[in-house]
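There are 2 protein chains.
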Amino acid sequence: MEYRIQEISNMFHIPISTIRYYDKQGLIPNLERDHAGNRIFHENHIETLRVIECLKRIDMPIKDIKEFMHWVAMGDETITKRKDMFFRQKKIVEKKIMELQETLNMIDFKCWYYTVAEEDQTEEKVKQMLPQDMPQEIRQKYFNSHKKKESK
Amino acid sequence: MEYRIQEISNMFHIPISTIRYYDKQGLIPNLERDHAGNRIFHENHIETLRVIECLKRIDMPIKDIKEFMHWVAMGDETITKRKDMFFRQKKIVEKKIMELQETLNMIDFKCWYYTVAEEDQTEEKVKQMLPQDMPQEIRQKYFNSHKKKESK
DNA sequence: TCTTGACCTAAACTAAGGTTTAGGTAGTAC
DNA sequence: GTACTACCTAAACCTTAGTTTAGGTCAAGA
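Chains as they are written, first to last, in my numbering: chain A, 2 to 153; chain B, 2 to 153.
Treat each hint with caution, since some may be false.
What the hints assert, rightly or not - Where chain A lies over chain B, by a calculated footprint (3+ residues, C-beta under 8 Å): (1) 52-61; (2) 76-85; (3) 90-101; (4) 112-119.
These are calculated hints, taken from the structure and not from any lab test.
C-beta atoms are modelled at their ideal positions from N, C-alpha and C, and glycine is treated no differently.
Input sequences plus hints: build the corresponding full structure.
Here it is in structure tokens:
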């Protein structure tokens, strides 16, 4: 099955200009052209774009994605490199999730804080509130989001 | 207690140039200068920078951070705006975490895939493997990370 | 044949988020 | 008094990740 750039664009909800940009940056190796020079995509290129989607989601820079894609194109001799790369990415994503979880704690604290402030019609009261007067789960988020700074 | 830009830079591990940039962009309202024009930071500015750190972590653009900081500077009349903003950000971060969790599933699948490929010294065998032949938890991650595309 | 639509390229442009540079001031140290 | 350090500014510059533009090709339909 062959696909044209427009179909790929619809399939992935990526603008055509972006797909061409990815190709130009070398993110889609072995992409062939028809007699007229039009890009022709096959299943393997769709798989490539799926991987690009995944790698982009974790903010991997274009040039790293390119390197990875070239390893894929080089075949079995680069399996270990690719494996190592995914294990490194796993750590990075796990760390990101943990950081976001911490951020969420901070946000939850702020949500609570402003909900109280709104009820009071002023920040003054909640600003003065001591941790022991906060609801249990908020107190935890508060310590959670402030601990880093306090340990310095 | 007063702080100079260098101390703030060390405290937050942010380059001086970046702090000046934030100030220029209006992210640190009410920052005063000494007789010589040097920026003088107080506890409230440190709190501001802590909030900036938090908002940056969730990729809030500079101009939104600026808006928020100005609401803070405006006092109690903007409490509801700020509260609403944090509730919106809460949703955004929760969504990001879910997306990253999905990405992690994809990565876990790839880690398994390349671990098998490395053992086999070739991708061929694992590439042909059917879901029912994969380990239980990998099969789930596989379906998890491929379901979106298959439902289209 | 003419036109229309989908495609192509190179290169300029954009936006975000800083960083670097060039030139200058203020306060302390010798 | 001059050297040194920390600070200042405006403006140019940089990188990333695209987007837009201007000009062109190709195949199909009226």
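Here's how the hints hold up against the structure:
1. 52-61: holds (count 3)
2. 76-85: holds (count 6)
3. 90-101: holds (count 8)
4. 112-119: Holds: 5 residues of the region 112-119 of chain B have a Cβ under 8 Å from chain A.
Hint check: no violations occur; every hint is consistent with the structure.
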